[in-house]
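Those sequence lines, one after another, are chains X and G.
With my numbering applied, the first sequence closes on residue 411, and no number is skipped along the way.
With my numbering applied, the second sequence closes on residue 411, and no number is skipped along the way.
Keep in mind that the hints were calculated from the coordinates and are not lab data.
There is no bait here: all hints are sound.
Intra- or inter-copy, both count: the list cannot distinguish identical chains.
Capping the alpha-carbon separation at 25 Å, the derived lysine-lysine pairs in PhoX-like fashion look like this:
#1 Lys269 / Lys384
#2 Lys196 / Lys240
#3 Lys220 / Lys245
#4 Lys368 / Lys245
Number of protein chains: 2
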Amino acid sequence: MSSNISKLDFLLTHEEQGGVAFKNVIRKREIISLLDLTEESTIPEIAQSLNISVPTTTAIVTELLEDGIIEDCGKIDSIAGRPASHYGLVSEACYFIGMDVRDTYINIGLLDFKKNLTLSELEIPFHLENTAESLEQLIVILQKFINHPQVGNKTILSICISLTGRINIDNGYSYSFFHFDEEPLAKHIENRIGIKVFLENDSRAMAYGEFHKGVVKNEKNVLFVNIDYGLGLGILIDGKVYYGKSGFSGEFGHIPLFSNEMICHCGKKGCLETEASGRALLRMFGEAVKSGSVTGIVSASSELNTVTVHDIIKGAQQEDVLSIELISKIGYHLGRGLAVLVNLLNPELIILGGALTNTGDYLYLTTKIALNKYSLSLVNSDSKLSISKLKEKAGIVGAALIARNRILSFY
Amino acid sequence: MSSNISKLDFLLTHEEQGGVAFKNVIRKREIISLLDLTEESTIPEIAQSLNISVPTTTAIVTELLEDGIIEDCGKIDSIAGRPASHYGLVSEACYFIGMDVRDTYINIGLLDFKKNLTLSELEIPFHLENTAESLEQLIVILQKFINHPQVGNKTILSICISLTGRINIDNGYSYSFFHFDEEPLAKHIENRIGIKVFLENDSRAMAYGEFHKGVVKNEKNVLFVNIDYGLGLGILIDGKVYYGKSGFSGEFGHIPLFSNEMICHCGKKGCLETEASGRALLRMFGEAVKSGSVTGIVSASSELNTVTVHDIIKGAQQEDVLSIELISKIGYHLGRGLAVLVNLLNPELIILGGALTNTGDYLYLTTKIALNKYSLSLVNSDSKLSISKLKEKAGIVGAALIARNRILSFY
DNA sequence: CTAAATTAGTAAAATATTTTATTAAATAAG
DNA sequence: CTTATTTAATAAAATATTTTACTAATTTAG
Numbered sequence: 001m002s003s004n005i006s007k008l009d010f011l012l013t014h015e016e017q018g019g020v021a022f023k024n025v026i027r028k029r030e031i032i033s034l035l036d037l038t039e040e041s042t043i044p045e046i047a048q049s050l051n052i053s054v055p056t057t058t059a060i061v062t063e064l065l066e067d068g069i070i071e072d073c074g075k076i077d078s079i080a081g082r083p084a085s086h087y088g089l090v091s092e093a094c095y096f097i098g099m100d101v102r103d104t105y106i107n108i109g110l111l112d113f114k115k116n117l118t119l120s121e122l123e124i125p126f127h128l129e130n131t132a133e134s135l136e137q138l139i140v141i142l143q144k145f146i147n148h149p150q151v152g153n154k155t156i157l158s159i160c161i162s163l164t165g166r167i168n169i170d171n172g173y174s175y176s177f178f179h180f181d182e183e184p185l186a187k188h189i190e191n192r193i194g195i196k197v198f199l200e201n202d203s204r205a206m207a208y209g210e211f212h213k214g215v216v217k218n219e220k221n222v223l224f225v226n227i228d229y230g231l232g233l234g235i236l237i238d239g240k241v242y243y244g245k246s247g248f249s250g251e252f253g254h255i256p257l258f259s260n261e262m263i264c265h266c267g268k269k270g271c272l273e274t275e276a277s278g279r280a281l282l283r284m285f286g287e288a289v290k291s292g293s294v295t296g297i298v299s300a301s302s303e304l305n306t307v308t309v310h311d312i313i314k315g316a317q318q319e320d321v322l323s324i325e326l327i328s329k330i331g332y333h334l335g336r337g338l339a340v341l342v343n344l345l346n347p348e349l350i351i352l353g354g355a356l357t358n359t360g361d362y363l364y365l366t367t368k369i370a371l372n373k374y375s376l377s378l379v380n381s382d383s384k385l386s387i388s389k390l391k392e393k394a395g396i397v398g399a400a401l402i403a404r405n406r407i408l409s410f411y
Numbered sequence: 001m002s003s004n005i006s007k008l009d010f011l012l013t014h015e016e017q018g019g020v021a022f023k024n025v026i027r028k029r030e031i032i033s034l035l036d037l038t039e040e041s042t043i044p045e046i047a048q049s050l051n052i053s054v055p056t057t058t059a060i061v062t063e064l065l066e067d068g069i070i071e072d073c074g075k076i077d078s079i080a081g082r083p084a085s086h087y088g089l090v091s092e093a094c095y096f097i098g099m100d101v102r103d104t105y106i107n108i109g110l111l112d113f114k115k116n117l118t119l120s121e122l123e124i125p126f127h128l129e130n131t132a133e134s135l136e137q138l139i140v141i142l143q144k145f146i147n148h149p150q151v152g153n154k155t156i157l158s159i160c161i162s163l164t165g166r167i168n169i170d171n172g173y174s175y176s177f178f179h180f181d182e183e184p185l186a187k188h189i190e191n192r193i194g195i196k197v198f199l200e201n202d203s204r205a206m207a208y209g210e211f212h213k214g215v216v217k218n219e220k221n222v223l224f225v226n227i228d229y230g231l232g233l234g235i236l237i238d239g240k241v242y243y244g245k246s247g248f249s250g251e252f253g254h255i256p257l258f259s260n261e262m263i264c265h266c267g268k269k270g271c272l273e274t275e276a277s278g279r280a281l282l283r284m285f286g287e288a289v290k291s292g293s294v295t296g297i298v299s300a301s302s303e304l305n306t307v308t309v310h311d312i313i314k315g316a317q318q319e320d321v322l323s324i325e326l327i328s329k330i331g332y333h334l335g336r337g338l339a340v341l342v343n344l345l346n347p348e349l350i351i352l353g354g355a356l357t358n359t360g361d362y363l364y365l366t367t368k369i370a371l372n373k374y375s376l377s378l379v380n381s382d383s384k385l386s387i388s389k390l391k392e393k394a395g396i397v398g399a400a401l402i403a404r405n406r407i408l409s410f411y
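My request is simple: use the sequences and hints to build the entire structure.
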């Protein structure tokens, strides 16, 4: 880590103090928040937005310039009068790491101060198990990334690790994995690495990435549906990620939408996930083959237990008719689920992400048909339906953004 | 209106200005907001919360005292040292009117600065029709209330009218009723009455009342279900009412939860409202009587078309077995709907309101059973289920609070 | 091409706010 | 019952911020 971290100290402390020194810290943060939003602003613009006088604004901006946190981006487009200097954040001022922990691999990436993903390593082999060895492996991968020649010399302000299962984002506990200690998992890794660590749930991290660096423009009420092996949901309300009382919001896969007699892995029956997920796709595929449907993916029903969701998706891409039919069916059920969301939440935008969206229109079109059919048209006409833009990078981008935004305290 | 409105002028103007005079207005508003939240606070507490020094705080508090907006509530409970004076809002400083417009009557009430409902008139005869005469009737009722001896001499800062149908709360347009003019309905009434007027959707107004003056204590993520002739929902997220993109959120009655072949009045089929609403109760009652069920409410099936939801509720209260059975059935379906909400939103509290909640445990118990059965127990164990506290006054309290809070700009 | 108009930024004066020190009012300890 | 301790509130001094007036840099109109 470089030595200029002292200049950024005020970003790392969150104590509430009185006095004018602290007031200045607040205003520095406010200016950074504003520049984060506007990309570039002039001193008069900042003064007006923040209700501070121009001389005071100039003084704080000068300090931030000296700290190397913001820079003069030159004078541009003045309609009349003396042109104002535009100021913006300095990309290289500090960096953040996002780590996306999956079942069989890890994705990891480096985000700069201006939210550019400057480095990423995808599909680093890893096996997620609830053991100390697995955790050790994770920490080694993280440490190795930090020691990377393109990372080692940079100021890393924080790290966010996205994990599946129950996570308490406030105290950094993970309840589903690596819960060996009294000490929160985040704290444990933090002590080993020496950099502030946050945790987040995987679906929510993906949603967060998509909300801030994906298809979302200015929408403030957005839903991100993660249709993979399971079915997850991230909810953005009023520009902020919605967690619910204990961070359990978005159990979209387990809303009781069907009267089928299918027992879901959650123990209940009739869950949407029993008809709209990779898991459902796999089950339907098995049933179809056993009852004699023809497919190019397996030749005998004995090979069935080696088939993966990925195989069926690939099958659809290669025109396998059974795969296409089943994926369309999944899409239809998903669309009915989305109708529930639309009627309840009247969102501006719904984003479809996760592996099953790689099948293009086969999933999308039936989803859209069912959504139109089952939702109130007045409400539905308000909502756009899009496909994820960040794809497999949604997790690392989301995690790194969470790391960044938690430090800069815009949640 | 009394002449001291000039002292409250700063509450009525929402212009963004620079300079220290405006800064002071912001701080006055902040102190009022704080006292609204805490009921009473000392100068040191205010200074700390707002990050202002004690002398400055004293100066602003003194001004507010002179304005008659806040008052000294005396010195209390000091553990050691000189006891601090506690300051609180003055109930009589200003007032707000809430008007709840229903199909066949109007409720109207007066709320003081400290959120006490000081006067209310319930079930004033009125017939809601989309005609100029009906609107005129509404304005007459409102004007009459303002001229009431207990109202006339008071400073009314604003009025909120709660109406059924589509409402744009920002510009004050009502699209379903009284949409005769270019001018927004709110503006039209405002010009006639001479007091600032806001509009709100009826279900949302009820929810708002319950959130702020009902069973809600410190919960920030709350759902209010209005089970009356129809089925409505108000959503409180992060302490604020959630509207969705165009104010259409909460169409809970029309989520496609059933595979029945029942056409809903919205045009779709399978809507929750076809199985869980007063309308559904009435339909089921008719079907049951026609197929020979015995009930104390009607003696012949020819009398069926005069039966109202109210009759069936009264029947249940008087131990009519058919009524009780049907209401329990409605409760069960409602519970399955609530399970969807719980799984998606992980709320702290769900409040049941509307006429059907007057049947006590007949509805409540089956609702709770179905909710437990169909929701994820981990998520559900977080959520309390309560019955509305404000009952028939929820509408006027909610509307008056909206009038108040829009002026004080805490949304 | 010059002067007027417009907007940015700076210096000095005026004002406001915070700090520090002090006084006031209460409780707890000896 | 007196003194030390704690907390609130005020006064005066120190500091910070805003205002006002002015200078700088550019565009537009004539």
